[in-house]
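Q: Start from chain G and add chain E according to the hints.
As given, the protein sequences belong to chains G and E, one line each in that order.
Each residue of the first sequence is one higher than the one before, starting from 45 at the first, in this note's numbering.
Each residue of the second sequence is one higher than the one before, starting from 45 at the first, in this note's numbering.
It should be emphasised that the hints constitute simulated quantities derived from the structure, not laboratory data.
It cannot be assumed that every hint is accurate.
[As the list claims (entries may be wrong)] Quick list of in silico lysine-lysine cross-link-like pairs, DSSO-like style, CA-CA up to 30 Å:
hint	chain 1	residue 1	chain 2	residue 2
1	G	K348	G	K336
2	E	K47	G	K336
3	G	K47	E	K47
4	G	K47	E	K336
5	E	K292	E	K311
6	G	K311	G	K292
7	G	K263	G	K336
8	E	K336	E	K348
Protein chains: 2
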Amino acid sequence: MSKPVDFIEVWRGDLVECVHQGHAVVCDERGEIVAAWGDPAAVIYPRSSCKMLQALPLVESGAAARLTTEQLALACASHNGAAIHTTRVNAWLADLGLDDDAFRCGPQMPDDREAREGIIRAYGSPCQVHNNCSGKHAGFLTLTGHLGAGPDYIEIDHPVQQACKAAFEDVTEETSPGFGIDGCSAPNHACTLHGLARAMAFFASAHNRSDTRSMSADKLARAMMAHPELVAGEGRACTSLMRAMDHKVAVKTGAEGVFIAIIPERKLGVALKIVDGATRASNAAIAAILVKLGVLDPNHPATKAHMFAPLPNRRDIVAASLRPTAALL
Amino acid sequence: MSKPVDFIEVWRGDLVECVHQGHAVVCDERGEIVAAWGDPAAVIYPRSSCKMLQALPLVESGAAARLTTEQLALACASHNGAAIHTTRVNAWLADLGLDDDAFRCGPQMPDDREAREGIIRAYGSPCQVHNNCSGKHAGFLTLTGHLGAGPDYIEIDHPVQQACKAAFEDVTEETSPGFGIDGCSAPNHACTLHGLARAMAFFASAHNRSDTRSMSADKLARAMMAHPELVAGEGRACTSLMRAMDHKVAVKTGAEGVFIAIIPERKLGVALKIVDGATRASNAAIAAILVKLGVLDPNHPATKAHMFAPLPNRRDIVAASLRPTAALL
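Isolated chain G (complex conformation) (with noise of 0.2 Å):
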């Protein structure tokens, strides 16, 4: 079992006042790693970073044939609660002839200021529409209806959530030691960051296979790619990066520091998790493997607002920032 590494430096002055540490793995389609830093071995919860392993059911199973790519792209979104993803997420519960009260992953105030901002003018609370799993469960809700099963689609012994835990253990080719209830409810399984960069590696691969199972997780990492905006929000790392590579990877960040990437043109995956949980850490760390890799421009405005993001102070003054470390440059 190896330590964590130092993977990025919080500097302020001529000082580093903080230091976040990770663990990272890059898998081939065979699911060999290829690169990896820490330990591959340490048992992660992947939480929203596996939401497309956790749509891949919906897919397979025939119940998503009438969904557009921007309901797939909504199924594996951590999104912000903004209009855009609202107004989609209420059609699609309409389409299936249920309400927000169908959903069992709570309200949450979004994080987009437009949303938050209206619901506080109207004295109102936020739905379970806003919260950022909406749309992954608004595909539980369809593969739920799909297959008969009863209202409460996030208990572990659903049908929904055993075909999850099924498609988890298969893609990821372990079984998971125990699952961990997430921030939406949902039961969330635990693997080895190998196991998540396999699963990744196995998305990243599928468009050479065609099999049922591949070719449903082809469609969901292509949705991914062709709607950032609608994976995440405006300014947030998974939308400005999967633009910054023009398209061609997807990526997905999870609570408490993990974040993931599909890089289908190379047939890799990569998964990593900030020990500490730091999402600030994690959008610094994964821009700066996708950049060693060779797949995102060191350049690009998006890269440098993550890989070395700034903190202002109140005053707009840049006291702080962050650095990467030598390991992963």
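A: Relative to the frame of chain G, chain E by itself:
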């Protein structure tokens, strides 16, 4: 140079999801280390945890002669920008014949929900008085007036900042290796964790001495303990822990994972730094150390709320929670 120690774990389901490492030092009135975790020589930015040091020149110069204990508490505060804070700081400004424009801290949206939503509903923007550091800056302005100095009181060569640096170096008993610019644009001088704990022991033992600096230090610590709600705000660790300790210990958070404690009854000073900068972990770690020192009741609800902080999800299910490691128990 000892390595940092695992301080706080995040547990989700049956697995550790995150780990936060840190350094901590407890000093007695002679500045000797009574207990330490990790590296006492670790160099840190104290950030807002040293506001009582930055307020020393205000008091010992005589500039604070007519200030109330509430104003002294606000000078040491990182407040929520609630009405109880901003009305007092605005009145203080008016006493000085100044208004919000005199500040150099920059505007900040208040953490206090009522204040924040009020600004949003009025389609307004926050003022500088809402900045969590506005009390410290009112103190700087008071000293500026007393000294007849210029308006840019946050510049490193301004008499106010020179006095702050001299007091900081005297009380930490160190030559600062450098400074950074803080979130509020004031210089923040680096020191070792030992130096910061030594300074806090100076405050904790000040009531036994009769020199001007010691009497000033004692006055500031007593003002903090007397007004926990002014030092932070409802629900915040500083406020609830000072109340839980029956106003007998002063504690203060600093950005990027710093926390200090001043324990007058034991003449002990405590300083800790979470290496990755996480506030959730510094809150938990200071509570654990205060329990270990016997000054905080392990069964008090405020102790449990921070030391074993639940991380509820969007449906208020406690899906994860913090746990101090054996090192802190």
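Q: Hints first: check each against the structure and report whether it holds.
A: Status of each hint after checking the structure:
no.: 1; hint: G:K348 - G:K336; verdict: 14 Å, holds
no.: 2; hint: E:K47 - G:K336; verdict: 29 Å, holds
no.: 3; hint: G:K47 - E:K47; verdict: 13 Å, holds
no.: 4; hint: G:K47 - E:K336; verdict: 29 Å, holds
no.: 5; hint: E:K292 - E:K311; verdict: 12 Å, holds
no.: 6; hint: G:K311 - G:K292; verdict: 12 Å, holds
no.: 7; hint: G:K263 - G:K336; verdict: 27 Å, holds
no.: 8; hint: E:K336 - E:K348; verdict: 14 Å, holds
Checked against the numbered hints above, the structure breaks none of them.
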